[in-house]
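Participant: Here is how the chains run, residue by residue.
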Amino acid sequence: MASAIAVVGVSFGAIAVASGLDWWMPTALSVLVFAGGSQFMVVGVVAAGGGLVAAVLGALLLNARHLPFGMAIGEILGKGRLARLVGSHLLIDESVAFTMAQKDPVRARAVFWFLGPTAFVVWNVGTVVGALAGQVIGDTDAFGLDAAFPAALLALVLPALKNRRVRDASLLGAAIALATTPFLPAGVPVLLALGGLVVLIPAPERDEVPA
Amino acid sequence: MTITAILILAAGTYAFRAAGPLLRARMVKAAARRGDAATAELPPRLTELMSTAATVLLVALVATSALTDAGSFAGIALPAGVLAGGVLAWRKAPFVVVVIVAAAVAAGLRLLGVP
Chain A
1 MASAIAVVGV SFGAIAVASG LDWWMPTALS VLVFAGGSQF MVVGVVAAGG GLVAAVLGAL
61 LLNARHLPFG MAIGEILGKG RLARLVGSHL LIDESVAFTM AQKDPVRARA VFWFLGPTAF
121 VVWNVGTVVG ALAGQVIGDT DAFGLDAAFP AALLALVLPA LKNRRVRDAS LLGAAIALAT
181 TPFLPAGVPV LLALGGLVVL IPAPERDEVP A
Chain B
1 MTITAILILA AGTYAFRAAG PLLRARMVKA AARRGDAATA ELPPRLTELM STAATVLLVA
61 LVATSALTDA GSFAGIALPA GVLAGGVLAW RKAPFVVVVI VAAAVAAGLR LLGVP
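Protein chains in written order, with this note's numbering: chain A, 1 to 211; chain B, 1 to 115.
Just so you know, the hints here were simulated from the structure itself, not pulled from any lab data.
Each hint should be verified, as a subset may be incorrect.
In silico DSS-like links for lysine-lysine, alpha-carbon gap of 27 Å or less [said to hold, decoys possible]:
| id | chain 1 | residue 1 | chain 2 | residue 2 |
| --- | --- | --- | --- | --- |
| 1 | B | 29 | A | 162 |
| 2 | A | 103 | B | 29 |
| 3 | A | 79 | B | 29 |
| 4 | A | 103 | A | 79 |
The model shown is predicted, which means the values in this text are computed figures rather than measured ones.
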């Protein structure tokens, strides 16, 4: 898990700097936000010439999924106030998934407090390394770095698309975004893609509820 | 990108994360007061909506950044590179390979004069 997070972190740092950001911006995002998908989203929208409001709004909508994470493993973080404050920041897709896989609460707590901090350190070191490397690269389009960003995101979301309802909603959303891109400022079409969620209106069949 | 935008995103994200454990503690307490078994879960449809919304946003971002550039069609090299990476990801290639091949295909096509 750590090596995968490191690679995504390096790509994020390099792509962010290559798209014109100062090195400290991807670093600040990685330390303070610590949620890869949303970090790629703000950088991608801004790089495409979109407004900051649309970029931040899209990223916040993306991160709303962290709320059920905390509801799922709340007590695992620990009883103390400090454990809750720090532990909340370490609730990410990977640490939550591995923690929920443990049956024994004591073991689950050990797993969470090992994986969470490890992911945080690896993600941030990766980002700084990538940002410094990105400064060396000049013409980023000649190196195909603009293709690296969507390909990285695609690899991250691909597993979620196995679910038919998620896939249908995503395809409809992508179609909406592409159709409106010529007419609207960058970032707004991605928000309009949420219209694809109408696919979820009929109740799911029993075997379609995501785990 | 401004420091204000980064701080707003950071604060909002932390609020989502911190709200989960707090909400859970409150719901467990309320259930105990009613004498119910200690449960704390959002309705499954709401959880499905939130996780699906995240995927929908990311896929739309992939589609627009792979196929368009500054509001119009991006040419051949960029989508071809992303497609190559996507196929490799689907065949379960390691993440590094996906990213490097996508960039290499786009760069190679441009070197050959493909837009």
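Participant: Compare the structure with each hint and give your call.
Facilitator: Evaluated hints:
1. A threshold of 27 Å between alpha carbons decides the hint, and for residue 29(B) with residue 162(A) the separation of about 37 Å lies outside it, so the pair is violated.
2. With a C-alpha separation of about 23 Å, the suggested pairing of residue 103(A) with residue 29(B) holds against the 27 Å cut-off.
3. Straight-line distance between C-alpha atoms of residue 79(A) and residue 29(B) comes to about 15 Å, which keeps the hinted pair within the 27 Å bound.
4. Proposed proximity of residue 103(A) and residue 79(A) is supported: the alpha carbons are some 19 Å apart, at most 27 Å.
Of the numbered hints given earlier, the model fails hint 1 alone.
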